[in-house]
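Whole structure, please, built from the sequences with the hints as guidance.
Once you know that position 23 of the sequence shown is 23 in my numbering, the rest is easy, because the numbers rise by one and skip nothing.
Only true hints are included.
In the DSS-like style, the derived pairs of lysine-lysine whose C-alpha atoms are separated by at most 30 Å in a straight line are:
| hint | residue 1 | residue 2 |
| --- | --- | --- |
| 1 | Lys-128 | Lys-203 |
| 2 | Lys-233 | Lys-256 |
| 3 | Lys-128 | Lys-411 |
| 4 | Lys-185 | Lys-233 |
| 5 | Lys-128 | Lys-175 |
| 6 | Lys-128 | Lys-381 |
| 7 | Lys-206 | Lys-128 |
| 8 | Lys-381 | Lys-442 |
| 9 | Lys-293 | Lys-193 |
Hint data in this document are derived by calculation from the structure and do not stem from the laboratory.
Computed from a prediction, not measured in an experiment: that's the story for all the values here.
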Amino acid sequence: MNQVSIQFISAGLAVLMVSGCAKINAIEASQQISTNETLNSIALVAPTEFIGSVVGFNNTIRIGGGPNPTAAGNVLYNLPLYKSSASENDWWDNLVEEFAYSGQDFFAANCRGYSPNFPNVDHGDPRKLALLSQAMDRRGLAGNFKIAVFDDCPASWGANRNVDNNLGYQNSSPKFDCGDLANYKYIWDYNIKTAFQQIPDAKRFKYNGKPVVFFWGVGSSWAINYGNGNLKKILQYIRTQFNITFGQDPYLVVDKTWLDRDPLVNDPAIIDAVDNWFTMANPWTLWTFNNVKVGSGVPGFRVVQGTTNMFIDANHGETLINTLNNTKGAGAVMTLLEGFTDCAENAALFRSKDVTYYDYPNQRINIVRRYSNDPYPAVLKIEAEGCDFYHDLSVGNSGGTFRDGDIDIVKNGDTNGGWHVNNTQANEWLEWRELPLLANTKFQLRYSSSQAASVKISVDGVDLPVVNLPVTTNGVWSTFDLGTKTFPLNSLHTVRLTIVSGSCSLNYINRTSI
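See the structure below:
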């Protein structure tokens, strides 16, 4: 394997400006970071490049955890590790925790509009973004990432218009007339405007001070009358309404098909940037418009059903690494990935129970973090329930929540909520792969215990001293130091937490600096 050194050009502290808010990373000047991945050498200069992903949140994903694994004959491998519960808030709570853990700058919410006439139809209802904002606050993650809007045009324009007119959720009969002003309400009122009404200004992802809106492609299969300046008029309408409604000028990023369908869009006064969506032949693209580079890409893809055979081999994470080398690593101002929750196309980035295209549940999150503006954060919160591997001596999940398997998990009442592993006993363990450890690392455990217990941390199979945990009583949470470890450089390692004796409840490990 090759090594890559990532050079951060800084003086003292690197200050990352996202949406007008500063993220301060404790990165020493000229710090060298080494990983054991097959990566090309890249140089990142903070803070001008941002990475995010499209995040679907339709009711099938939220309530069921994902579509039927064999829906329409397409086998869904990378279903989420998280097992949805009856509480919708729980789904959002886990989603924001996983997204923040990935280190991404922006959450591109895949908005598909809503229907006033059929308000219970939910394929990505922008009104649900209020729950996203609330979950960020609840989990203490309001400052960890920002929110952009991704307008999924075939669904939010065509399909939503047809739903509202009692024609079912389909976009081709009739096709969406881009020249009909009466249709603009489906683009603006019932989607983009509504979405941003749910996103407080402090949580909006902005570039050059402007809230960012991405638009997917315009195709002849679902749209008509898109030439002769009609797509230009749509964008002018959105910009005008955004200024009127929110007092801000939006940053509009369109798919390249917009320029192909209506050449009058090809104007810096109309659009701010362009992306060129990936294809099966090209898992990543990098497009420059008005001196702004925008990257797009995918970790893998598989839709095989009937005569359809679309496949991009994830190749044990190498496809995602190659995508990010050629987008974020090649100077893209914004890199937009498909897609954090897209298990329907086997393109998801979240923690997954897939063992065919994932090597371990956190693999893709870990890869994305390595290309973020903060690959080795000063503090990394490592959730016990989100471990990659475990050894549990009892059968089944006694708590019946969060994930399947022989690991006992329940919700907790600790600060910022979440879940914890309970009913532990001697010789049980939890393990995480490819964790970003600092050259001078300290481990701390957030735990609760009503009896004497001892635990130990091991790094790459080498044990740190056993630590005796003070009794806290049930339901009382405490943080206790587990030991330190030093390395020549910041680097990636396997970490295991083992119960040596007794029993305790495990919320999370804090990986901090000495």
